[in-house]
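**Q** Sequence:
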Amino acid sequence: MPIHTVKILLVAVIELTRVRGRFVEKVSKALLKQLLDDLLDDGLLNDGETDSVLEDNSNKADMARALIDIVKRKGDKASRKLIAHLESRDPTLHSELGLSCGQPAQPAAAEPSWSSKLITTTDTFWRDKLNDKNVYRVAEQSIRNRVALLITNRNFTDTRLNRYGAEKDEENMERLLTALRYEVVKYSDLTGKQIDEALMNVFVVIMSHGKLGAVLGINFKDEEPDEFPVDNIYKHLGTANCRELLNKPKIIIIQACRGESGGSVLVSDSAKAAVVSDDASWPGPTHEENIVDDALRCAHKEKDFISLLSSTPDTVSYRQPEHGSFLIQYIVEVFNTYSHEDDIDELFRKVMQRFEDFPSETKRQMPTKDRCTLTKHFYLFPGH
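With mature numbering (1 follows the signal peptide of the UniProt record, and there is no 0) applied, the sequence shown covers -21 to -1, 1 to 363.
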């Protein structure tokens, strides 16, 4: 039998193996009895087998394990039936477990099948979104003129800080951005001041060491800090300093630590006082009858931004020397697979979701969407 056929026929067994632990934890005893009755009616279990599951196990968890294991041993047909009955009996649990139907004609992998190449948007999807008032308008001409800034700090003056694997991040992000039809402007090994001077684009990717509120330049030393304040991104690309980007979505991705803690404590940054004073120069409502709203052109100081930072405040970000950082690896996977149909906010959510099953047993990392002021959906429209 061809190898690919074997894989298809084992889909449902793999699915049950994948969710066994969570099924045991979440299933109720009443639901277990219903599933046993269903499989008995199907002729997939006999009376002795159903009695054994219920009587030979002293608690609900052991019953659930026994049910899963006996069904798996009977093969893919029985496994598909159990999945189908679970969906019928408890759609919520079926959804929480992320189960597929396991049908041979629609094979599903145990994990999401990530695309190694960018899937393009269909013409129908493109046309539908062009006329949607809740979507940022993106003309074909503007797509052809899109520019992305890619900054990668790998080699530091203090060689102990060198970021091995950063070159893989640069390669992966450049390939992705180019496929999305961005002209990629690359900089390597910049100081904090040079990073500040390079900012000019609506899609910005910065990869370096960092701490809370800052990205480190290559000359950083404890006694001589070389830092780029992350807040400067919003100042440079905001309305006051960059009128040409008014009402245009601005995408920021930063792969850098935001502290030294190990990964589970969330710390919220307090609001800057300057935010409160944004309206100070605006005189407020007037009682003069001859002034209408359209005459007032008070633009938001900071709008149409969305940022994805590689970790929560005060925590570290991880990188594999041979593959690059987890954030960039997951961004490439998610964007390749879903950017043809998902907006940027949903793409970032799916990237964050990838970190729920972190590959290390002793480390944790969770990216954070930060300072999101998008008022509409922004689609990348790959292929257009």
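Any given hint could be a false lead.
[To be verified] Heads up, simulated DSS-like pairs for lysine-lysine below, C-alpha to C-alpha not over 30 Å straight-line:
| # | residue 1 | residue 2 |
| --- | --- | --- |
| 1 | Lys39 | Lys5 |
| 2 | Lys172 | Lys147 |
| 3 | Lys96 | Lys348 |
| 4 | Lys348 | Lys200 |
| 5 | Lys200 | Lys112 |
| 6 | Lys214 | Lys355 |
| 7 | Lys282 | Lys227 |
| 8 | Lys165 | Lys147 |
| 9 | Lys53 | Lys8 |
| 10 | Lys329 | Lys147 |
| 11 | Lys329 | Lys165 |
| 12 | Lys227 | Lys190 |
| 13 | Lys39 | Lys53 |
| 14 | Lys96 | Lys147 |
| 15 | Lys112 | Lys329 |
Derived from the structure by calculation, the hints contain no laboratory data. These figures come from a predicted structure and were not determined experimentally.
**Q** Would you mind marking each hint as holding or not holding in the structure?
**A** Going through the hints against the structure:
Among the hinted pairs, Lys39 with Lys5 is consistent with the structure: their alpha-carbon atoms are about 10 Å apart, no more than 30 Å. For the given pair, Lys172 sits about 25 Å from Lys147 by alpha-carbon distance, which is consistent with the 30 Å threshold. Restraint check: the Cα-Cα separation between Lys96 and Lys348 comes to about 25 Å, which is no more than 30 Å; the hinted pair holds. Under the criterion of a C-alpha separation no larger than 30 Å, the hint pairing Lys348 with Lys200 is consistent with the structure, at around 29 Å.
For the proposed pair Lys200 and Lys112, the alpha carbon gap of about 49 Å is over 30 Å, so the pair is violated. Distance check on the hinted pair: Lys214 and Lys355 sit about 21 Å apart at the alpha-carbon level, within 30 Å; holds. Of the supplied pair hints, the one linking Lys282 and Lys227 holds, its CA atoms being roughly 9 Å apart against a limit of 30 Å. Distance hint between Lys165 and Lys147 is fulfilled; the C-alpha atoms sit about 14 Å from each other, no more than 30 Å.
Between Lys53 and Lys8, the direct Cα distance comes to roughly 22 Å. Compliance with the 30 Å bound is thereby established for this hinted pair. With a CA separation close to 22 Å, the supplied pair Lys329 and Lys147 stays within the 30 Å bound. Taking the CA atoms of Lys329 and Lys165, the gap is about 26 Å. The hint holds against a cut of 30 Å. A threshold of 30 Å between alpha carbons decides the hint, and for Lys227 with Lys190 the separation of about 29 Å falls inside it, so the pair holds.
A threshold of 30 Å between alpha carbons decides the hint, and for Lys39 with Lys53 the separation of about 22 Å falls inside it, so the pair holds. A threshold of 30 Å between alpha carbons decides the hint, and for Lys96 with Lys147 the separation of about 16 Å falls inside it, so the pair holds. Restraint check for Lys112 and Lys329: the C-alpha separation of about 24 Å stays at or below 30 Å, so the hint holds.
The structure is inconsistent with hint 5 alone, although it conforms to all the rest.
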